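Now that you have both chains on their own, put them together as the hints suggest.
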Amino acid sequence: MKRNTLVITAVLFILAAFAWSGWANWEFRTQAAERLRASAPQGELVVDAAGTAQYNSPLLGKPAPPFTLEDLSGKKHSLSDYKGRALAINFWATWCAPCKIETPWLIDLRSRYAPQGFEVLAISADDIDRKDPRKFSDEKQEIARFVQKMQMPYPVLIDGDSVADSYGDLDALPTTFFLDRNGVVVAAQMGLTTKDALEKNIRKALGMIK
Amino acid sequence: MNVSKIIIAIAAALALTYALAQGQRPLFDDAPRTPSKAAVVFLHPEQITIPAGKPTTIALHFRIAPGLHINSHTPNQEELIPTTFKLPPGSGVHLDGVVYPPGTDFTLSLDPSTKLNVYTGEFVLQARFMATPGDHLVEATLRYQACDNTACMPPKTITAAIDIVGK
Numbered sequence: 001m002k003r004n005t006l007v008i009t010a011v012l013f014i015l016a017a018f019a020w021s022g023w024a025n026w027e028f029r030t031q032a033a034e035r036l037r038a039s040a041p042q043g044e045l046v047v048d049a050a051g052t053a054q055y056n057s058p059l060l061g062k063p064a065p066p067f068t069l070e071d072l073s074g075k076k077h078s079l080s081d082y083k084g085r086a087l088a089i090n091f092w093a094t095w096c097a098p099c100k101i102e103t104p105w106l107i108d109l110r111s112r113y114a115p116q117g118f119e120v121l122a123i124s125a126d127d128i129d130r131k132d133p134r135k136f137s138d139e140k141q142e143i144a145r146f147v148q149k150m151q152m153p154y155p156v157l158i159d160g161d162s163v164a165d166s167y168g169d170l171d172a173l174p175t176t177f178f179l180d181r182n183g184v185v186v187a188a189q190m191g192l193t194t195k196d197a198l199e200k201n202i203r204k205a206l207g208m209i210k
Numbered sequence: 001m002n003v004s005k006i007i008i009a010i011a012a013a014l015a016l017t018y019a020l021a022q023g024q025r026p027l028f029d030d031a032p033r034t035p036s037k038a039a040v041v042f043l044h045p046e047q048i049t050i051p052a053g054k055p056t057t058i059a060l061h062f063r064i065a066p067g068l069h070i071n072s073h074t075p076n077q078e079e080l081i082p083t084t085f086k087l088p089p090g091s092g093v094h095l096d097g098v099v100y101p102p103g104t105d106f107t108l109s110l111d112p113s114t115k116l117n118v119y120t121g122e123f124v125l126q127a128r129f130m131a132t133p134g135d136h137l138v139e140a141t142l143r144y145q146a147c148d149n150t151a152c153m154p155p156k157t158i159t160a161a162i163d164i165v166g167k
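As they're listed, the protein sequences go chains A and B.
So the first sequence is numbered by the numbering used here: it starts at 1 and just counts up by one.
So the second sequence is numbered by the numbering used here: it starts at 1 and just counts up by one.
It is worth saying that the hints were derived from the structure and are not from the lab.
Being a predicted model, the structure only gives us computed values, none of them experimental.
Incorrect hints may appear among the rest.
Said to hold, decoys possible - Computed spacing ranges between beta-carbons, pair by pair:
1) A:D161 - B:D111: 36 to 44 Å
2) B:V99 - A:R134: 26 to 34 Å
3) B:I158 - A:D165: 16 to 24 Å
4) A:D161 - B:K86: 22 to 30 Å
5) B:G97 - A:K83: 51 to 59 Å
6) B:P101 - A:R134: 29 to 37 Å
7) A:D169 - B:P55: 42 to 50 Å
8) A:T194 - B:R128: 42 to 50 Å
9) A:S137 - B:G97: 26 to 34 Å
10) B:T107 - A:F136: 51 to 59 Å
11) B:P133 - A:K75: 52 to 60 Å
12) A:D161 - B:A38: 17 to 25 Å
To be verified - For the chain B half of the interface with chain A, some residues (derived, Cβ under 7 Å), not all of them:
13) I81
14) Y100
15) L110
16) Q145
Virtual Cβ for every residue (Gly too), placed ideally from N, Cα, C.
Same shape as in the complex, but just chain B (with noise of 0.2 Å):
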């Protein structure tokens, strides 16, 4: 038997184990998964370029998912979850101050009597940030609760990571 023979013999082997090791992958990355449970996403920016040791402002855009509200950042009743952005401690970034959008009032269809303040759709924060001199990978957070028309979902908090440079 040449040489020859027994590299293509072992390429065969080789390229047919590659071809099995595919078929290993987690089972539940080809099954049919439940929609993201994440009502809230964060749009932009990714990256901002602000002047260092002074306080500037940046509008952070998030977007919800169709069907769903989430309480505004002052919601008309005591017990609600308010929508709150933050900045982790430490990050080379201060959070000077936030301005929330105004939220729309929104009634539920079978009690019209309870009227709630949400923000649906789009909606922009004006952050106010101050970094140190350099490059910040920030994960900040948006904390929120989302409910549709009848039902509501548990609080949850996702992650907005932003490369704020300090310049």
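Okay, chain A solo, but in the shape it has when bound (with noise of 0.2 Å):
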């Protein structure tokens, strides 16, 4: 009889081991679920008081995710090295109609903020295959015609991807962002919107609004 106490009572035991690992194994990967996604900066489309899409962007009031990136020169341009002025990061694309639009937009407006210390940094995320030299080459020739073409004034620089992730995992371009004359980003739009909506964010990003 003692045996078979001891037996059932091992029985039991190995149970509630079994239990217990089952229980502690789900908590701690719901609790590395959970810091994951806190992790991933991913936002929203929301509508403002005025009716215009904005962007909810979880980067809204933090210090813009710093970056080093070529022109299609070669020359490398950090984020850092525009600090202390209002700034709108443009993800865009060559195959992006919506950016063909919203092009000249920005460089109207760029011309007429620039005196304000106002700079627009356009980051393309067209492929770049940098193991390929000829292809590479290829992909820098496509991205120069397009500015080109477009008369783009201010920096475009280029492997936008490799930072698309830090800025919320662009999916649809175009995507800006602006920034205070101190590197934080105080508003942001995804898609298309309209000349007023870029150029108000602009006068927000220079401290002339709230």
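Laid out in structure tokens, this is it:
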């Protein structure tokens, strides 16, 4: 009888151990998944009081993620190089028809607000293959043709995919982040809005409006 | 303790272990997922039988997600990425040609002067296949670039798996 009790106790102990390990493992992975979700900056579109669709990016109110990217001539540009200036970081691509509509608006607004310390950094999301020099050259030429055609006067940086993750998995273009003079994201737009909406956000970045 | 009690105890332990194992699936299987990013899906046919060695035209049906459009095979602007259908080399089936449907004109509301040529909803390609005798599971590809009224998604390539039997 004693032996039977011992066996039953052992079985129950093993069952309890199984149950506890399963529960502990599930708890651990739940917390890990929560941490992962929380660390992934993903935003959503919301409509502001004026009826304009605004990109409710998790980066709003936070310092813009730093980056260093090359322009078409190979010169490196870091976000920190533009400290003290209000910025529009515009993610775009040559294949993006709404970007073609937005670009002339950005050019015009940049020339209007540059004297106040405003600059546009255009980051191309076009595919870049650095492993194949010939392809890389062709891809750069394609972007350069577009830049020339659109007469974009501001820095155009390439390989935007390498920084897109830190700006929130940019699956829709154009997407623009507006930074104040301290490098803090004060507004964001996803998709084509209006020239007025762009201007409003530029003025916000310059501290002209709240 | 009789043998039947031991068997019952072991069975109970195994059942509990199995139940706990069900909780070990990757957590993201249960987590809310973002909607599929495939704007286009291949509908049919999944299997066709064609005369071996003889070019045969087959209608391939695709569907675009509501609210989205993709560039036609002949978009109006050179920078835009055309929709293209291809077969992988060495699949035992040769793509002799594709007749793409004409696109429809599309204008973005914020710029009526920009006219795009796009596909929306369901569209059908007429692909001309020539197969060697035998059963060929072909993973054809469709490359497209999708947009909605205000934004565009990166170009994407989807696979259309078709079982082509050459007889």
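Going down the list of hints, with the structure as the test:
Under the hint 36 to 44 Å, the C-beta atoms of D161 of chain A and D111 of chain B, about 27 Å apart, miss the expected range. Hint check: V99 of chain B to R134 of chain A, Cβ distance near 32 Å, so the stated range 26 to 34 Å holds. Distance hint for I158 of chain B and D165 of chain A: a CB-CB separation of about 23 Å, consistent with the stated range 16 to 24 Å. Taking 22 to 30 Å as the suggested C-beta distance range, the pair D161 of chain A and K86 of chain B conforms, at roughly 23 Å.
Distance hint check: the CB atoms of G97 of chain B and K83 of chain A are about 57 Å apart, consistent with the given range 51 to 59 Å. Checked against the given bound of 29 to 37 Å, the beta carbons of P101 of chain B and R134 of chain A, roughly 34 Å apart, stay inside it. At roughly 44 Å, the beta carbons of D169 of chain A and P55 of chain B sit within the given window of 42 to 50 Å. Checking the proposed 42 to 50 Å range against T194 of chain A and R128 of chain B shows it holds: the Cβ atoms sit about 46 Å from each other.
At about 32 Å, the beta-carbon gap between S137 of chain A and G97 of chain B stays in the expected band of 26 to 34 Å. Checked against the given bound of 51 to 59 Å, the beta carbons of T107 of chain B and F136 of chain A, roughly 35 Å apart, lie outside it. The supplied range of 52 to 60 Å is met by P133 of chain B and K75 of chain A, whose beta-carbon atoms lie about 59 Å from each other. Separation of D161 of chain A from A38 of chain B is about 19 Å and conforms to the stated range, judged on CB atoms against 17 to 25 Å.
For the restraint placing I81 of chain B at the interface with chain A, the shortest Cβ-Cβ distance is roughly 5 Å, inside the 7 Å limit, so the hint holds. With its C-beta approaching chain A no nearer than about 18 Å, Y100 of chain B sits outside the 7 Å limit, and its interface hint is violated. The beta carbon of L110 of chain B comes within 6 Å of a beta carbon in chain A, closer than 7 Å, and the hint placing it at the interface holds. At a threshold of 7 Å, the smallest CB-CB gap from Q145 of chain B to chain A is about 6 Å, leaving the interface hint in force.
The structure shown violates the earlier hints numbered 1, 10 and 14.
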